[in-house]
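Chemist: Each chain, written out:
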Amino acid sequence: MLIAVTSLTLIAGCLGLILGFAARRFHVEPPETVSEIEAMLPGSQCGQCGFPGCGGAAAALAEGSAPVTLCPPGGPALARALAEKLGVAADLGAMAEHEPTIATVREEICIGCTKCFKECPTDAIQGAMKQIHSVMKEACTGCGKCADICPTEAVSLVPLPTTLGNWRWRAPACA
Amino acid sequence: MGFRDLMDEVKLRWGVHPAGHKALTSECAIECMPLPERLTLPLAQHIGAPARPVVTPGQRVLRGQLLAEAVGAVSSPVHAPSSGRIVDIGDYPVAHPSGLTAAAIVLKPDGLDEAVDFADCDDPHGLEPAEIARRVAAGGVVGLGGATFPAAVKLGLGRRNPVQTLLLNGGECEPYLTCDDRTMRERPEAVIDGARLMARALGAEAIVIGIERNKPAAMVAMQSAAAAHPEISVRGLPARYPMGSEKQLVHFLTAVEVPAGGLSAEVGVVVHNVGTAAEISRVLRTGEPLTHRAVTVSGAAIARPTNLRVAIGTAVSAVIAHCGGVRRDVARYVMGGPMMGMLLPGTEVPVVKGSSGVLALVADEAGGGEASPCIRCTRCAGVCPIGLLPFEMAARIRAGKSEAAVDIGLKDCIGCGSCAYTCPAKIPLSHYFSFAKGSLAAAERARLKNESIGKLTAARSARLEREAQEKAEAAARRKAEREAAKRDAARAVAAEAAAGRPQDSQVSA
Amino acid sequence: MTAPQHSPHAHDGGSVGRVMAQVMLALTPVTLWGFYLFGWPAIWMWLITVGSAMLFELACLRLGGGGRATLGDGSAALAGWLLALTLPPWSPWWIAVIGSFVAICIAKHAYGGLGQNPFNPAMVARVALLISFPLEMTQWVAPAPMFSGLGPDPVAALERLLFSTPIPDALTSATLLGQVKAEASRGVDLLASLPALGAGVSDGVGHHAGSLGETGSWLILGGGLFLVYRGVIGWLVPVALVTGLAVPAAIAHAIDPAHHLSALHQVFAGAALLGAVFIATDPVSSPASAVGKLIYGLAIGFLTWVIRSFAGFPEGLAFAVLLMNACVPIIDRFTRPRIYGHGATAGRGA
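Listed in order, the protein sequences are those of chains A, B and C. Using the numbering used here, read the first sequence as starting at 55 and increasing by one per residue. Using the numbering used here, read the second sequence as starting at 402 and increasing by one per residue. Using the numbering used here, read the third sequence as starting at 9 and increasing by one per residue.
No wet-lab data here; the hints were simulated from the structure. Be a bit skeptical, because a hint or two may be false.
Partial list, computed: chain A residues near chain B (C-beta under 8 Å) [claimed, not checked]:
(1) G109
(2) P175
(3) G196
Below, simulated BS3-like cross-link-like pairs (lysine-lysine); rule was C-alpha separation at most 25 Å, straight line [what the hints assert, rightly or not]:
(4) A:K191 <-> A:K169
(5) B:K872 <-> A:K139
(6) B:K838 <-> A:K191
Virtual Cβ for every residue (Gly too), placed ideally from N, Cα, C.
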């Protein structure tokens, strides 16, 4: 009886010590999640996610109150990276439906007010006072801020045109 | 079947034996097709940056004149196949399954076929290696086997890696196609000459020409043409698909594998197509750039299947009309071979530098049909020349996990289509792989764009900050100036006052 | 506009239906031989098994929305056919129907239908029947060839099948493996019992008790050769399975002939050959790579021998197949073929 009690106590004690030691020795500081996530986001503060800028979105992501697919400019690639980072499953179904868009300026009604130019978070719109503005395709995130602010509704979002450069095979329909 | 064939059959554990259909055209000598009414010359007929036009609509050009120049390191120029007038430079349908248009120069030949003065060269073997590569680049030669990689770029590989062996690919393992076979039989000297020039440019000592054993006449022609050159050996290849794939050819002929994601030049081997060799010989000797190519026109629906020498830019419809049109219902028009060729959205697309074949296939030939569930028969894995498990990759892609497919080798897939060809369930395996490769590429593009957006945003905030600072500085400066001016004014007033006192005194005096 | 078709624009013309049809063709001789040996009850039992398997397939497809019509490709009929060949030839109708239900509805469609089942449907059904109805599943009959007058006529046979009338004692028999187990449990060793039992088993013709399709060994081998020749199955799994069974059997027999059957008896008795040629080669539930197939075949053979020799059941093939089916994912995981350009032989100096 005594032997049993002693041995078990000893075993428990030893294991406890080992566990305690391991907890100290292999302690990992919790990562600076919010700032790291913010670094992953595009950082254009476009607000398409509905949060006040990328910082707000990062905070929401870190506490799990926002889906990883919240960022349209980031696209599925970012969603997947975020899902991996946060260790959650990414449901890209909703993402796939989001067609990438791009801003275009209808030159006949643009008055050259430069409002869109000033609003654009990525400096994707070129132009100057009293000149017709044009959009640089590579830099536009399709955030739509320019379209919201344009006084003559000359700026609108259109689906990104398909070219031989970005065309790709769709998934096979059958089976 | 000879003993060597039997040994190869036992040794090689991959590949398929599709019905060849080569007898349709293998005895048809390459005939010259007359010029069509219009030539549509796309600016991107090669892998790399599209060429930049150097002519304007309305301009008259001569045969061999440069129409669009190469842009950047990997690019290729476009030349006029005949004399005539530039009608337009704009977007026209091209040979691509999407049916999209691409930038092209439209030339209306005037029938005079006047040529520019070509700088011919009697002894191209005396040229410096770099000069050979330069002339090949200037001649607009690309890989004519269908890959359309600028030939000169591949000739420059010898500068970065020591290349011992030039492999000449006479496999032509795609069914139907016989234009390489005919080129080897009709112009064996040109092929050998081009091969020797390429070997010189590369610094390669040995030339190995691989020809599938289903082309005995080409084999004999090449052997006799190569007899005078001890550095050239002509080797028989087992007739199986995809023997003509670069990786398979290198492994079969040199017993060395090309490292994954690498170039064959890394193991001292460069592969060129026999048609490219013949063209390089012509370009260097006559100075005429690449403006025509041999095309096999075949398929059960073609009234008179044959081999043609076609001006690049000729519409597929004109080529088919020259061959008597179609005599049966066409299920698919294909450019290239049936295994890897492209479905054509229509026949109003031009023949380009990479068009080895124009096929009009009837439904029986084209395969297809409803796909049924995979029964894991693993035939696809058995025929895969790379050793992949196509059924498992397709299952993962279908489940939306393209990354998981990459883990088991998606990026090593050469897209040969052997798996889909042999699948009893008719699962479009190659389609799944193209789809997944496309989405991965799109994701990569998105990631790059995201990164650049981050940079742009940072640049913008830096700009705003700088502007604010400049504004503040300007304001401060103005303020300082104002204050200085005020001070000056005050001082002036004071000075005036000081000066005025004697005046005052004067006045008062 | 319809989606563009991807290359290849050619196909070798094969189909799942053709694969199944060739397997059925290979099964035909041994099945007909089974019909001859065991008479009309066996024919009715086969018909009921195959027919009910197809009905269950149809029902499951309907239930699942009827999207994919795999009824026409013959996979269900083949599963029923294989199950029938592994049943005692005079089994009552409800054994056949329950077996088909388990095979099609549970082992196949509950996992997602054709190509998705981790376990061989016929073997799942056979094991489920063996465990649930041990008595009926060991009611073996001695061969009562057609036209010999020993077996019942068609009507009597159907009556027997439908009303499960007991088999006359004169016709009941035991399989070699069953009898060996029974004798061994009574303490009679093989040297004493075998001469009375073993005759007729190792000649491969099939004049001995057994399930419908397992006794005509030479016909099974012939069917297997046909399938290998046509490229429907590989030779690796059958050869590995027989090797895995025969080698330990030969060693054990050499050491202790009183308690272990010879390799020849092990291979020709029971379902070993039927399993090696038609069951273990089922592509859906076997590994993908050559090495995997080798491991799979050897392990099934070895496990069969272990179960036959040391476990409570006289025959162990079905259990061995199911055990190895469960191992297929892990075998597949560790036996992926080497990809070109990766690993040691890539690059210079290979």
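Chemist: Now, for every hint given, state plainly whether the structure supports it.
Modeler: Evaluated hints:
1. G109: 13 Å, violated
2. P175: 6 Å, holds
3. G196: Hint on G196 of chain A: violated, closest Cβ of chain B at ~10 Å, above 8 Å.
4. A:K191 <-> A:K169: 19 Å, holds
5. B:K872 <-> A:K139: 41 Å, violated
6. B:K838 <-> A:K191: Status holds; Cα separation ~24 Å.
Of the hints listed earlier, those the structure fails to meet are numbers 1, 3 and 5, in rising order.
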